[in-house]
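Undergrad: Once you have looked at the hints, place chain P on chain X.
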Amino acid sequence: MSEEDYEEDGEMNGKKFLYVNRRGPYGTVYALESLEVVLIGAAFEQDVSLAFMDDGVYQLKKGQNTDGMGMKNFSPTYRALEMYDVEKLFVSKESMDERGLTTEDLIVDVEVIDNAAMADLMEDAEVVLSF
Amino acid sequence: MKFGIQVNEGPYQHQAADSAYNFAKAAIDAGHEIFRIFFYHDGVNNGTRLTTPPQDDRNIVKRWSELAADHNVDLVICVAAAQRRGICDADESKRNGKDADNLAEGFRISGLGQLIEAGIESDRLLVFGD
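Chains X and P, in that order, give the protein sequences.
First residue of the first sequence? That's 1 in the working numbering, and the numbers climb one at a time after it.
First residue of the second sequence? That's 1 in the working numbering, and the numbers climb one at a time after it.
Please note that a few of the clues may not be correct.
Unchecked claim - Within a straight-line C-alpha distance of at most 30 angstroms, the following computed DSS-like cross-link-like pairs (lysine-lysine) qualify:
{"id": "1", "chain 1": "P", "residue 1": "K2", "chain 2": "P", "residue 2": "K94"}
{"id": "2", "chain 1": "X", "residue 1": "K16", "chain 2": "P", "residue 2": "K25"}
{"id": "3", "chain 1": "X", "residue 1": "K15", "chain 2": "P", "residue 2": "K25"}
{"id": "4", "chain 1": "X", "residue 1": "K15", "chain 2": "P", "residue 2": "K2"}
{"id": "5", "chain 1": "X", "residue 1": "K62", "chain 2": "X", "residue 2": "K93"}
{"id": "6", "chain 1": "P", "residue 1": "K25", "chain 2": "X", "residue 2": "K88"}
{"id": "7", "chain 1": "P", "residue 1": "K94", "chain 2": "X", "residue 2": "K72"}
{"id": "8", "chain 1": "X", "residue 1": "K16", "chain 2": "X", "residue 2": "K93"}
Stated by the list, open to error - One side only, chain P facing chain X, incomplete, derived with CB under 8 angstroms:
{"id": "9", "residue": "A80"}
{"id": "10", "residue": "A81"}
{"id": "11", "residue": "G113"}
Said to hold, decoys possible - Taking CB as the label site, the calculated pair distances span:
{"id": "12", "chain 1": "X", "residue 1": "D54", "chain 2": "P", "residue 2": "K98", "range": "50 to 56 angstroms"}
{"id": "13", "chain 1": "P", "residue 1": "T51", "chain 2": "X", "residue 2": "G63", "range": "39 to 45 angstroms"}
{"id": "14", "chain 1": "X", "residue 1": "D120", "chain 2": "P", "residue 2": "S93", "range": "23 to 29 angstroms"}
{"id": "15", "chain 1": "X", "residue 1": "Y84", "chain 2": "P", "residue 2": "A90", "range": "43 to 49 angstroms"}
{"id": "16", "chain 1": "X", "residue 1": "G100", "chain 2": "P", "residue 2": "A69", "range": "52 to 58 angstroms"}
{"id": "17", "chain 1": "P", "residue 1": "R84", "chain 2": "X", "residue 2": "R99", "range": "42 to 48 angstroms"}
{"id": "18", "chain 1": "X", "residue 1": "K62", "chain 2": "P", "residue 2": "D99", "range": "40 to 46 angstroms"}
{"id": "19", "chain 1": "X", "residue 1": "D120", "chain 2": "P", "residue 2": "A80", "range": "31 to 37 angstroms"}
{"id": "20", "chain 1": "P", "residue 1": "Q83", "chain 2": "X", "residue 2": "T77", "range": "38 to 44 angstroms"}
{"id": "21", "chain 1": "X", "residue 1": "D105", "chain 2": "P", "residue 2": "H71", "range": "35 to 41 angstroms"}
{"id": "22", "chain 1": "P", "residue 1": "S93", "chain 2": "X", "residue 2": "D109", "range": "42 to 48 angstroms"}
{"id": "23", "chain 1": "X", "residue 1": "F74", "chain 2": "P", "residue 2": "A69", "range": "36 to 42 angstroms"}
{"id": "24", "chain 1": "P", "residue 1": "R84", "chain 2": "X", "residue 2": "G63", "range": "37 to 43 angstroms"}
{"id": "25", "chain 1": "X", "residue 1": "Y26", "chain 2": "P", "residue 2": "D18", "range": "27 to 33 angstroms"}
By construction, these hints were calculated from the structure, which means they are not laboratory data.
C-beta atoms are modelled at their ideal positions from N, C-alpha and C, and glycine is treated no differently.
Here chain X stands alone, though its shape is the one from the complex (with noise of 0.2 angstroms):
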């Protein structure tokens, strides 16, 4: 079955999807594949939230510059998801404090929730891919 007969029969469960991002933006791949399951995620309507965690919440970070690198700076995108109707990102307030990151360092507006509150937001999804 393709995408578009996907959309067509009208079948959507609206499945809650939780992406679980844990690995900082560049040094592996994961960020980067993750940040395109999520965009072409959104094409199937589903109810999605990201979680950022660990090292994950430096994907966020403002100011990134991959010059010297060879690799694109993919951060823009992530300003681009409310585009796509993804909007609801949660980032660990733990994971922040360890790093010394407040939301001011970050690129989008996020919701800082507890590791606790993470742990709920994990159990109500329905579908969570881990990065």
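TA: Using the frame of chain X, we list chain P on its own:
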């Protein structure tokens, strides 16, 4: 129960491919259904037929192909991840002007929508990786 499986790591380098295979096999043996196995990140390397492990080691790629043949399991390689890592079938090879292809039997190359669909259609989606 209907399971979807995502494999995020390459064979031999990481246990994920073995764990995913063992899980899929056990689930099928217990009467469950595997809706799809989706290979992402370096997991796409599970789908190269050019792999040649030592004879006294398991052949991870062949094992997947046999799983597909024996139980009609849908093995899907992510096209975007595969293009980065040089995994392609004859069509992809031709389309991108390459001189060879290497996709193993029982696998097919498709888009990330297949992963999302697996999440929607399966009762549980399991992610194998770090």
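Undergrad: Indicate, hint by hint, whether the structure satisfies it.
TA: Do the hints match the structure? See the list:
| no. | hint | in the structure |
| --- | --- | --- |
| 1 | P:K2 - P:K94 | 35 angstroms, violated |
| 2 | X:K16 - P:K25 | 28 angstroms, holds |
| 3 | X:K15 - P:K25 | 27 angstroms, holds |
| 4 | X:K15 - P:K2 | 15 angstroms, holds |
| 5 | X:K62 - X:K93 | 17 angstroms, holds |
| 6 | P:K25 - X:K88 | 36 angstroms, violated |
| 7 | P:K94 - X:K72 | 27 angstroms, holds |
| 8 | X:K16 - X:K93 | 22 angstroms, holds |
| 9 | A80 | 6 angstroms, holds |
| 10 | A81 | 6 angstroms, holds |
| 11 | G113 | 4 angstroms, holds |
| 12 | X:D54 - P:K98: 50 to 56 angstroms | 38 angstroms, violated |
| 13 | P:T51 - X:G63: 39 to 45 angstroms | 42 angstroms, holds |
| 14 | X:D120 - P:S93: 23 to 29 angstroms | 47 angstroms, violated |
| 15 | X:Y84 - P:A90: 43 to 49 angstroms | 34 angstroms, violated |
| 16 | X:G100 - P:A69: 52 to 58 angstroms | 54 angstroms, holds |
| 17 | P:R84 - X:R99: 42 to 48 angstroms | 29 angstroms, violated |
| 18 | X:K62 - P:D99: 40 to 46 angstroms | 44 angstroms, holds |
| 19 | X:D120 - P:A80: 31 to 37 angstroms | 32 angstroms, holds |
| 20 | P:Q83 - X:T77: 38 to 44 angstroms | 19 angstroms, violated |
| 21 | X:D105 - P:H71: 35 to 41 angstroms | 49 angstroms, violated |
| 22 | P:S93 - X:D109: 42 to 48 angstroms | 44 angstroms, holds |
| 23 | X:F74 - P:A69: 36 to 42 angstroms | 39 angstroms, holds |
| 24 | P:R84 - X:G63: 37 to 43 angstroms | 27 angstroms, violated |
| 25 | X:Y26 - P:D18: 27 to 33 angstroms | 29 angstroms, holds |
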